[in-house]
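These protein sequences, in sequence, are chains V, L, U, X, B and G.
The first sequence begins at 1 in the working numbering and counts up by one.
The second sequence begins at 1 in the working numbering and counts up by one.
The third sequence begins at 1 in the working numbering and counts up by one.
The fourth sequence begins at 1 in the working numbering and counts up by one.
The fifth sequence begins at 1 in the working numbering and counts up by one.
The sixth sequence begins at 1 in the working numbering and counts up by one.
Among the hints, a few may not be true.
It does not matter which identical chain is used: a pair holds within one copy or between any two.
Below 20 angstroms or equal to it, Euclidean Cα-Cα: the simulated SDA-like pairs (lysine to any residue) are [unchecked claim]:
| hint | residue 1 | residue 2 |
| --- | --- | --- |
| 1 | K52 | S207 |
| 2 | K82 | R92 |
| 3 | K168 | P154 |
| 4 | K184 | I155 |
| 5 | K184 | S103 |
| 6 | K184 | R92 |
| 7 | K196 | S207 |
| 8 | K184 | W58 |
| 9 | K143 | Q71 |
| 10 | K15 | R110 |
| 11 | K196 | A219 |
| 12 | K184 | Q201 |
Keep in mind the hints are simulated off the structure, nothing from the lab.
Since this is a predicted model, take the numbers as computed values, not measurements.
There are 6 protein chains.
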Amino acid sequence: MRNDGRNYQQTRPVKITPNYMKHAEGSVLIEVGETKVICTASIEEKVPPFMKGQGRGWITAEYSMLPRATQVRNQREATKGKLGGRTMEIQRLIGRALRSAISLEALGERTITLDCDVIQADGGTRTTSITGAFVALCFAVNKLLQNQKLSKSPITDYLASVSVGVVKGQVCLDLNYEEDSQAKVDMNVVMTGQGKFVEVQGTGEDSPFTREELDALLASAEIGIQSMIEKQKEALGPVAAIVGS
Amino acid sequence: MRNDGRNYQQTRPVKITPNYMKHAEGSVLIEVGETKVICTASIEEKVPPFMKGQGRGWITAEYSMLPRATQVRNQREATKGKLGGRTMEIQRLIGRALRSAISLEALGERTITLDCDVIQADGGTRTTSITGAFVALCFAVNKLLQNQKLSKSPITDYLASVSVGVVKGQVCLDLNYEEDSQAKVDMNVVMTGQGKFVEVQGTGEDSPFTREELDALLASAEIGIQSMIEKQKEALGPVAAIVGS
Amino acid sequence: MRNDGRNYQQTRPVKITPNYMKHAEGSVLIEVGETKVICTASIEEKVPPFMKGQGRGWITAEYSMLPRATQVRNQREATKGKLGGRTMEIQRLIGRALRSAISLEALGERTITLDCDVIQADGGTRTTSITGAFVALCFAVNKLLQNQKLSKSPITDYLASVSVGVVKGQVCLDLNYEEDSQAKVDMNVVMTGQGKFVEVQGTGEDSPFTREELDALLASAEIGIQSMIEKQKEALGPVAAIVGS
Amino acid sequence: MRNDGRNYQQTRPVKITPNYMKHAEGSVLIEVGETKVICTASIEEKVPPFMKGQGRGWITAEYSMLPRATQVRNQREATKGKLGGRTMEIQRLIGRALRSAISLEALGERTITLDCDVIQADGGTRTTSITGAFVALCFAVNKLLQNQKLSKSPITDYLASVSVGVVKGQVCLDLNYEEDSQAKVDMNVVMTGQGKFVEVQGTGEDSPFTREELDALLASAEIGIQSMIEKQKEALGPVAAIVGS
Amino acid sequence: MRNDGRNYQQTRPVKITPNYMKHAEGSVLIEVGETKVICTASIEEKVPPFMKGQGRGWITAEYSMLPRATQVRNQREATKGKLGGRTMEIQRLIGRALRSAISLEALGERTITLDCDVIQADGGTRTTSITGAFVALCFAVNKLLQNQKLSKSPITDYLASVSVGVVKGQVCLDLNYEEDSQAKVDMNVVMTGQGKFVEVQGTGEDSPFTREELDALLASAEIGIQSMIEKQKEALGPVAAIVGS
Amino acid sequence: MRNDGRNYQQTRPVKITPNYMKHAEGSVLIEVGETKVICTASIEEKVPPFMKGQGRGWITAEYSMLPRATQVRNQREATKGKLGGRTMEIQRLIGRALRSAISLEALGERTITLDCDVIQADGGTRTTSITGAFVALCFAVNKLLQNQKLSKSPITDYLASVSVGVVKGQVCLDLNYEEDSQAKVDMNVVMTGQGKFVEVQGTGEDSPFTREELDALLASAEIGIQSMIEKQKEALGPVAAIVGS
């Protein structure tokens, strides 16, 4: 049994509140256990300079935590005057992951920025951000379809993410903060609705891991991601129809 | 009648959700109309270097907006690598205002940082931040009392804030974004529970204002602030007992 | 009696030296007691990108202090690599105040930058900067008239500023540094020649103030500002003709 | 056949020149094909503030490319005034990987900084940096043993890294730049001498990958890493004796 | 004849106003023709961390120009967020030059910072800064002697600086801005009262120069520097007694 | 005799390896004793904005040291977030020097950037950078000639640099690090193939120098520079034909 009473292969309760923000083209509040992230999708009718005139769109992401999302207050990166390495790594990951779920050609010359702001952190903030950002992206794309700026959805498949790890010798799904602190191996996995891998990032800083452990971690992640995708479908409701085969 | 059906002397609906954040010593979500701010109070058992050894505490504030709190997405200040002038001005105002409601001597050598993160903006974000931060501060101080780190409350009086302005020739209380954009005169007022002024900041960039207008604006602000303080008392519940001499 | 022998309603000696700088389109050295500020107005025949093509001009201000303008040397903001909050707040105030004294439409698509560099500080540097910058602005506009870049003056009224405060229980006009350090209430007021308010910024960080005190402070400020405007007229000499409707 | 005539499971020629730098405690020039990286290990007899007094050491890494290491000149990050996200991500990876090959307790309260400076880039710069940095680290630790600052080696195992990818439908080992640009899937793997995984980072931004592809990539990486470790042993010569339990 | 009517070997009129600033331990306004620089010397009773406990003092310098010191307004370095290369080069030069005129051992563990703020620029701002800063330094040291913090002057010799150049084929002393723009060769020289060189910086970017030209430039500089030292002596008055062995 | 057995008028062994970098248009590794610098020349077919449309080219330089080029590791300027004063001073010197050896008109509207990266430092890094960068520049210009982007070489003369100094009372040529640390006078000289001066930068921070010492230093520098130019000719081989009128 785990510290919060879950089975090893069980995710925490997931709640996705659609259209959480008044102004954004797409938005959700996603809660995975005590981890809470506001994800918004903002559409701009232009692309970065290096992509101009190619007829392709762009998806990018930014990630931040409120200073008191964590047990101890963190100094704001705006106050420090620069983004930390962890933030950069995470926002690059989110952007890369989301781009793999959409056809940039079909999106056309526009940019969608996914902002993932962690309101409260209890482990898994980057994977929760990806899962939530996908839903926000779908809502924003749906607005483009409704406004007839797009005639066909560029979203190619579902996309979600979970963390897995080895804690006290056990492969565990969806680690909370306490588990994450104790994990010997820590892995973030992003997969599509069709069960293909988009990102696999496993690290055994404190303890290298065997091929057998890697296989068990991937199997566990697959279970968790399918469960996340079910929650995405519920939150999307009729908008789920725009996610392509 | 105003653009949202209010009377000229009427504030928007105010909702203060206490203990909104799991980790902070004090926190609220404050909603004034469509403006939503998360205010947290974080206690540190030390003071800035320039205050060490004086036996006095410190109150400081930080303010930020989520990039999509507004109609058009704003670039993050962390990405720009520096705080803008507006942010600095606002966080200096919040800190100064809150310090006037507490005895720093009675607080003892510790720092309370008030983080005001605007989730959604529709005018009045700085005044809403002050009103919410006061409640978060009270909850944090209450924790110090409960933990017997303080034996007596250092909070000297209630403190709240509203905006007032002259819109289409009418003195209006608690401007929303649309009104704020049209206002000829714009004033932010911070007052105590005893009806004294802590800050008066009025600006008539587009149109200088007369002494009569100033008097009417101050009278309107007083009405709004008393109404805000009622909401603070409700949100504080029994904790309200720690306020005042 | 005050620490320098003045009456409560008396400003310090004011001296405005016109055309203090060789290169600037307009410039003064303004001395209010021991506070000395060089104000220059620089004309550029373009506006910031966000204003292009609207046919309107722009007025902006920058403020700085020499490192040894003060009793203790201050580190340069250029060396720190960023502007402090106080500087940003002041330069935003100066710009906003000056814009209220000019018709940006009548100015046409050009920018006038007002640089206020405090050579020596003894209280009231921001109000002195506004009073001096107005004169520099008039000289620069006069040059535009002389060069026939403008056919009609866009300056709509006089504009000056003073500080007032409550020191040892007395409302005092034009505080020097020592008084400012002891003041319970501190207020900066900007007014037009016609006696209208452009900015009112009062703060009672150490001690909230009553409505009666506020009224007395505003009355005192009005006296001081009228006296400052007299000095501006003397310094402008025949150029004074370009001011007002 | 590949664009440079290699088999799919063949690495490029590897050359490790030990003691390449005069001043560093440990250093190599590592060449993997046309990719050339100078790796130095610098010992400091102190640890970062957050680790003081715990009796443990620290390993950290920095990564940079000469501006003309690449086909098109890159602007220096020192000139831009900040590290890019890619650099931060890579130096975090190198540091994390190297820490897994050493007992920080056995190292004692000292820091070893691994600087990886890419002189010339042709794909695989981060994996080459890890492989080279491990050798530099061994030389530096050997110096500590020789100087009797350590009585027992803290290096627990060999550690090396390669990239693998799917290029034109084929799993390829050790991609050069041209292959990397065409790869549908790109994976960096770090393994120990005992064949355990330290890092697995696979990304299929342009095309999600199946479990079968993942298995094939990992198998290929294992071959490459064993070959890298052979080269490390040759370069270390008698110093190889300090590696492992 | 030169553009302002001077002989080739003649400096512009020099005026040094002592004690120009109220707060600084030493200060002058130095005017060389239309070039005007405020130089202040600020004493701190501590040295930079790297010099602690050595019993030696430190002299450092900072240099800046008001934005409208020049014909076209320059953006402030504080606004840009960093010092330019030219500023850094100049302030390093001023500090190095001044350190050569004082015994750091005899100064004792304290720092004197020389701030050179160019109010108006017309060529020769760095050489004028050095000449003025020397006088400000002497006044500050004199204060240390008067306050009995020093019993013996650490100032070892006079120190002054001028520019020389080749303009229209003629070696000219003390170039103004117009001459400087046309100069083929530009040289800044710093010398002591005893006629020794402290700095010689000659550059022929547009046209390399011969040994004969170099000799003529140095001879001209020597004349100018002796003349500057006469002006320093006048400004120092009785304080001149503290200079030299 | 000197610390490394050289005569006072003897340079250290010089080795210039041409075409050291695969990607750059021109490159060398230059070794002067234990000082090693990679110099690359990168051509861009555009000029900085302020030079557009004038038909002239631009030469600029950047300089950096690997963190462990020195005995003690230096923090990277990219990590600090800004260039230090020494770096700025040096790269300004290199750029200025190289521009004097080429006709910018004859180069046409293109920019050549000279990157000087110090791999290992043992004194004289700035002079070695200039000597090496000249050769890299020639190779890059030769590529423009071969590609028929230029029909005639814009290189007007050879250009090289050495340091000289007064060490233990002796004028010494080409100081190594140990000598440099002990030098009373330190001078960097840049000369053309025809024996004209481009830069003379002498500093006697610890001890002012006489005219006789200056003359001896310049004579020594001339010997060293002629010897450097011989090495440049060897490295250039047939490309030497593009130098000079």
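Evaluation of the provided hints:
In the homo-oligomer, the alpha carbons of K52 and S207 never lie at most 20 angstroms apart, since the shortest distance is 46 angstroms inside one protomer and 23 angstroms across protomers. Proximity of K82 to R92 under the C-alpha cut-off of 20 angstroms is found in both arrangements, the shortest distances being 16 angstroms within a copy and 16 angstroms between copies. In this assembly of identical chains, K168 and P154 lie within 20 angstroms of each other by CA distance neither inside one copy nor across copies; the values are 43 angstroms within and 25 angstroms between. For the homomeric pair K184 and I155, the shortest alpha-carbon distance between copies (19 angstroms) is at most 20 angstroms, but the shortest distance inside one copy (36 angstroms) is not.
Within a single copy, K184 and S103 get their C-alpha atoms only as close as 37 angstroms, which misses the 20 angstroms cut-off; across copies the closest is 15 angstroms, which meets it. Taking the shortest alpha-carbon separations for K184 and R92, only the inter-copy value of 18 angstroms comes in at or below 20 angstroms, while the best intra-copy value is 24 angstroms. Taking the shortest alpha-carbon separations for K196 and S207, only the inter-copy value of 9 angstroms comes in at or below 20 angstroms, while the best intra-copy value is 27 angstroms. Taking the shortest alpha-carbon separations for K184 and W58, only the inter-copy value of 18 angstroms comes in at or below 20 angstroms, while the best intra-copy value is 36 angstroms.
When the C-alpha separation of K143 and Q71 is checked against a cutoff of 20 angstroms, the pair qualifies only between copies, where the shortest distance is 15 angstroms, while the shortest distance within a copy is 38 angstroms. Neither within a single protomer nor between protomers do K15 and R110 lie at most 20 angstroms apart by alpha-carbon distance, with minima of 30 angstroms and 38 angstroms respectively. With identical chains, the CA atoms of K196 and A219 are at most 20 angstroms apart both within one copy (12 angstroms) and between copies (19 angstroms). For a Cα distance limit of 20 angstroms, the shortest separation of K184 from Q201 qualifies both inside one copy, at 14 angstroms, and across copies, at 17 angstroms.
Hints 1, 3 and 10, counting from the list given before, are not met by this structure.
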